[in-house]
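Trainee: Below, each chain spelled out in residue letters.
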Amino acid sequence: MKALLRLLVLAMLLGQASTATAQAPAASGETAAPAPTAQTGTPDETALRYFARQGDTKRVEAEIARLKALYPDWQPPANLLANDYTPDPAIEHIWELYGQGDFAGARAAIAAKQSADPAFTPSEDLLHSLDVGEAGVRLRNASDAAQYETVVSIAAQTPELLTCASVDNLWRVAEAFIKTDKTPRGLDAYKYILTNCTDPQIRLATVQKAMSLLPRADLDPLLALERPGPDGAGEFTPIRLDLARDAIAEVLTGKVGKASDADVSLLESSARQTKVPDDLRLLGWYALNQKKPADGRDWFEMATAADPGALSAHGLAVALLDLDRPGEAEQALAAYSGDSEELTSLYLTAASALLAQDPRPELKPEVLDRIVQETMAAHNAKAAQELGWYAYAFEQPQTAAQWFKLATTWDPQDEPSAYGLLVASDALKDTQTVREIKSQWSAKSARIANFGQATGKRSEITPTASPAEAPAPKVAVTSTPPPASARSSSRSCATFVSPGSLSASQALARGWCLMDLERPADAVANFARALESSAGQVRSDAAYGQALAYIRLGLPDYAMVAAAAAPLTQKRINELQIAIHTKAALAAYEIGDYKNALRALDERARYAPEQNDLLTLRAWSYYHLRRYREAQQIFAAVAATGYQDAVAGLDAAQTALRIQSERGF
Amino acid sequence: MACVTATGLAASPAEPTITAQEWQTYRNHFVSAEGRVVDNGNNNLSHSEGQGYGLLLAVLAQDRPTFEAIWSFTRTELMVRDDGLAAWRWEEDKSPHVTDTNNASDGDILIAYALAMAGEAWNEPEKTDAARRIVESLGREMLVEVRGNMLVLPGKDGFSATQRPDGPVVNPSYWIFEAAPVFAGLTPQIAWARIAEDEMKVLALAGENAAGLPPDWVSLSSRKPKPAEGFPPEFGYNNIRIPLYLMRSGAGPERLAPYIRMVGEDGLLRVDVTTGEAKEHLTEPGYRIIGAALNCVLTGEPVPADLQAFSPTSYFAATLQLLTLDFLRRDAPMCLEGGTAR
Numbered sequence: 000m001k002a003l004l005r006l007l008v009l010a011m012l013l014g015q016a017s018t019a020t021a022q023a024p025a026a027s028g029e030t031a032a033p034a035p036t037a038q039t040g041t042p043d044e045t046a047l048r049y050f051a052r053q054g055d056t057k058r059v060e061a062e063i064a065r066l067k068a069l070y071p072d073w074q075p076p077a078n079l080l081a082n083d084y085t086p087d088p089a090i091e092h093i094w095e096l097y098g099q100g101d102f103a104g105a106r107a108a109i110a111a112k113q114s115a116d117p118a119f120t121p122s123e124d125l126l127h128s129l130d131v132g133e134a135g136v137r138l139r140n141a142s143d144a145a146q147y148e149t150v151v152s153i154a155a156q157t158p159e160l161l162t163c164a165s166v167d168n169l170w171r172v173a174e175a176f177i178k179t180d181k182t183p184r185g186l187d188a189y190k191y192i193l194t195n196c197t198d199p200q201i202r203l204a205t206v207q208k209a210m211s212l213l214p215r216a217d218l219d220p221l222l223a224l225e226r227p228g229p230d231g232a233g234e235f236t237p238i239r240l241d242l243a244r245d246a247i248a249e250v251l252t253g254k255v256g257k258a259s260d261a262d263v264s265l266l267e268s269s270a271r272q273t274k275v276p277d278d279l280r281l282l283g284w285y286a287l288n289q290k291k292p293a294d295g296r297d298w299f300e301m302a303t304a305a306d307p308g309a310l311s312a313h314g315l316a317v318a319l320l321d322l323d324r325p326g327e328a329e330q331a332l333a334a335y336s337g338d339s340e341e342l343t344s345l346y347l348t349a350a351s352a353l354l355a356q357d358p359r360p361e362l363k364p365e366v367l368d369r370i371v372q373e374t375m376a377a378h379n380a381k382a383a384q385e386l387g388w389y390a391y392a393f394e395q396p397q398t399a400a401q402w403f404k405l406a407t408t409w410d411p412q413d414e415p416s417a418y419g420l421l422v423a424s425d426a427l428k429d430t431q432t433v434r435e436i437k438s439q440w441s442a443k444s445a446r447i448a449n450f451g452q453a454t455g456k457r458s459e460i461t462p463t464a465s466p467a468e469a470p471a472p473k474v475a476v477t478s479t480p481p482p483a484s485a486r487s488s489s490r491s492c493a494t495f496v497s498p499g500s501l502s503a504s505q506a507l508a509r510g511w512c513l514m515d516l517e518r519p520a521d522a523v524a525n526f527a528r529a530l531e532s533s534a535g536q537v538r539s540d541a542a543y544g545q546a547l548a549y550i551r552l553g554l555p556d557y558a559m560v561a562a563a564a565a566p567l568t569q570k571r572i573n574e575l576q577i578a579i580h581t582k583a584a585l586a587a588y589e590i591g592d593y594k595n596a597l598r599a600l601d602e603r604a605r606y607a608p609e610q611n612d613l614l615t616l617r618a619w620s621y622y623h624l625r626r627y628r629e630a631q632q633i634f635a636a637v638a639a640t641g642y643q644d645a646v647a648g649l650d651a652a653q654t655a656l657r658i659q660s661e662r663g664f
Numbered sequence: 000m001a002c003v004t005a006t007g008l009a010a011s012p013a014e015p016t017i018t019a020q021e022w023q024t025y026r027n028h029f030v031s032a033e034g035r036v037v038d039n040g041n042n043n044l045s046h047s048e049g050q051g052y053g054l055l056l057a058v059l060a061q062d063r064p065t066f067e068a069i070w071s072f073t074r075t076e077l078m079v080r081d082d083g084l085a086a087w088r089w090e091e092d093k094s095p096h097v098t099d100t101n102n103a104s105d106g107d108i109l110i111a112y113a114l115a116m117a118g119e120a121w122n123e124p125e126k127t128d129a130a131r132r133i134v135e136s137l138g139r140e141m142l143v144e145v146r147g148n149m150l151v152l153p154g155k156d157g158f159s160a161t162q163r164p165d166g167p168v169v170n171p172s173y174w175i176f177e178a179a180p181v182f183a184g185l186t187p188q189i190a191w192a193r194i195a196e197d198e199m200k201v202l203a204l205a206g207e208n209a210a211g212l213p214p215d216w217v218s219l220s221s222r223k224p225k226p227a228e229g230f231p232p233e234f235g236y237n238n239i240r241i242p243l244y245l246m247r248s249g250a251g252p253e254r255l256a257p258y259i260r261m262v263g264e265d266g267l268l269r270v271d272v273t274t275g276e277a278k279e280h281l282t283e284p285g286y287r288i289i290g291a292a293l294n295c296v297l298t299g300e301p302v303p304a305d306l307q308a309f310s311p312t313s314y315f316a317a318t319l320q321l322l323t324l325d326f327l328r329r330d331a332p333m334c335l336e337g338g339t340a341r
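As you go down the protein sequences, you meet chains A and B in turn.
Residue numbering for the first sequence follows numbering that gives the first Met the number 0, starting at 0 and increasing by one per position.
Residue numbering for the second sequence follows numbering that gives the first Met the number 0, starting at 0 and increasing by one per position.
In case anyone wonders, no lab produced these hints; they're calculated from the structure.
A portion of the hints provided could be inaccurate.
[Unchecked claim] Interface residues of chain A toward chain B, partial, derived using beta-carbon atoms under 10 angstroms:
| id | residue |
| --- | --- |
| 1 | D101 |
| 2 | E133 |
| 3 | Y593 |
| 4 | N595 |
Quick caveat, the model's predicted, so the values are computed rather than measured.
C-beta atoms are modelled at their ideal positions from N, C-alpha and C, and glycine is treated no differently.
Hey, can you work out the whole structure from these sequences and the hints?
Mentor: This is the structure:
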């Protein structure tokens, strides 16, 4: 058997071993040619008897094995301690040095004995043992020094180094083959071990060694040599799990796109059973990688149960964000936000997403409070911006403006925050800030540039440049009367005062006062005086007031000009446009200009939906233009709401249609 | 060396030229039981040079057991390189012990030279074979031709023209001229005699400077040799060996004469080759005896008696002292007579 193993080793070194030969040593039988190093003659039993007298049973066994390998027919003496053997103390000393691994000392002792006794010839056995011992040291040193050709060459010359008892040598030879691009021969070496060596630890370690040096595909033939362990399970189960972990980790590092189903389900069933947190989290990340956030959440929940802490919370939060459940994500991370920069950033992402939800959630004060705390601590512009929109949505423009201001301080380049500040400032009539933002941003942001201009298109206020990133908050744009503050200075204005004698703000106040007294013509003159103000807000209010005054005077065209005299908020622009087009429609209708009446209504419809009165006006316009069918449809719809004025119109339209059809139109 | 055998190797004299007592002292100081030659002046590390010197001195002392131990250590611990040469540095407290796998050609030359001598002296063909394999590797791996001169590089990695801008860089003290005829006998296919001559030529050229002495590390990138970058521009601990090697190789007075410049009043001089100024006086007996031997060979003045007595200080000086004594006893015994203590 020993001779056969040597042959296999030689075949392996020559690159001729195959799985077949390695797996079926018996097929070759014991009739193989004698091993090249087999000795003839009588073995040198000095060492054996020396170790026996020392009571060193381990070395006795090793020595018996060694001698049997060299002399297959030799049988150890029955009584190693018999007195019929008189050893030479000098030779015993040499064997002692050999046994201690002091090969240099043994060499020196042999030479010393030769010098003292020229007739002395060391036994072949002793010299060969020393050669093998030194070759083993040299092989390991060469391997440590990454001199792999030397490793292979020593192994080829000293096959007795390559045994299950010195498996480290076999491992080093395998590594040397692999490192010199002879992977198949390296695999042969591993196969040799897995075919011939029985120690379970060695077998497991062998596959682990191979794992560290070979790609996964090369490991399969080695895993195929698995034997059942004592518990009936495959002896390589732990390794297969390691491989599955590696395979999944490779996906996560982006090296490959997907792990094999076998690897995934192996780790899954193991993780479910063992609840090893790292495995649970690995599977969680893998699920997220594979775009299965619900699975990911489940794994991270299991991980949290097994190991509550930042690592589990981190994964769980990412999964919840993927599932668009920012509230739960915020909750999961609340305790760990400060643990690391990464967690802080993730927390604020969750918080931002939570604030931006549509419809806006009403957050509990403690939640809002901690979001505010973390945002302030981190100086996070995105979260501040979301807090701004959140405040804005709950009609707290003052608070909103403060948050937006903070956001632009923390990140002066953030357009969405600047836009938020613009919107909030506009709502607060802070024309100074509005103008500053416009002058600073108009070149870079179209929506900021266009803000407040009557483009004819309904201007939508969206908090971010990309609505896909965060849903737009619902910011109602409704026609409202001028803010109370603008009229707070209202006082009696019945007596005439020359507008030129008033300050701009006095003239503005007097203008509103006159509007209240339904004296729009006088109001126009006072608003004109206020328009001379250097204060942007005053001019804006004045332009607005003047436009309203012209509308009341039935001069919509003048109103348009007046409105352009100073920048107005989008809200006021909308308001004026609606009023102007309403007036224009009524004026046109009154003079029988139905086409222009319809045109004005169409213009107005871009700013606000028509209520029943204007719908009825529209329907009568169609009627007068003999577009009875359209008139009938609108009258019918409005009449259905119970609007009495439309019922007569519906009758008229239906009659006209009937006459038309009778006449064969 | 009167008697030269067929291999070109000087036959060992009947009596060792290093006495048993001297050698015993050296071993006690510098050779461990495991056959490791310890450089006590250099953090107790070991190197291929030291192993080579140890082997050479063991042969000269005719100590087979110690030779066997040193060779076993050298072979198993240092002779691991794929090209058959020795890794040059070994440190006891490091794992792995080999901390630089580059070779140093002086170590390889000394090991091969000592093995060849041992193979011849003790009639051990396997040692001669081991020597031949190293010499073949040296011929295959370490030779470089520079402007028509064949030279041995100091190490496999880091000295050639492709590996450094001022390369090739050589260390003339790595050229152990006495080994050339032995190597020629082992590997006749390699022109070791010509190599030694070329090296002598470059050695002379390298000494054409303010100091009249070659720097330890010589750049040969231009026609005129100059001190190599990154090394002190000095004739120092390396090159003080050159006159010893020249004497041991039987070089004539015209080749030895320049080195009298390194001999100061109270020792050998470490010299800045750019200025010719002495930087240090090396006063250990092992260094001073080289100057004394050189002086004797050139002028006939005997070597002082105190230098003839071996009292080791550092590994390097002690080694050089024994090699000088070996030379004097073998080839210049008249220098040892009439010496008086200074």
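Trainee: Each hint: holds or not?
Mentor: Hints and how they fare:
Interface hint status for A/D101: upheld, as the beta-carbon distance to the closest one in chain B is roughly 7 angstroms, under 10 angstroms. Against a cut-off of 10 angstroms between C-beta atoms, the interface hint on A/E133 holds, since the closest Cβ of chain B lies about 5 angstroms away. Violation of the interface hint for A/Y593 is found here, the shortest Cβ-Cβ separation to chain B being roughly 95 angstroms, above the 10 angstroms cut-off. The interface hint given for A/N595 is broken, as the beta carbon of that residue sits about 90 angstroms from the closest beta carbon of chain B, more than 10 angstroms.
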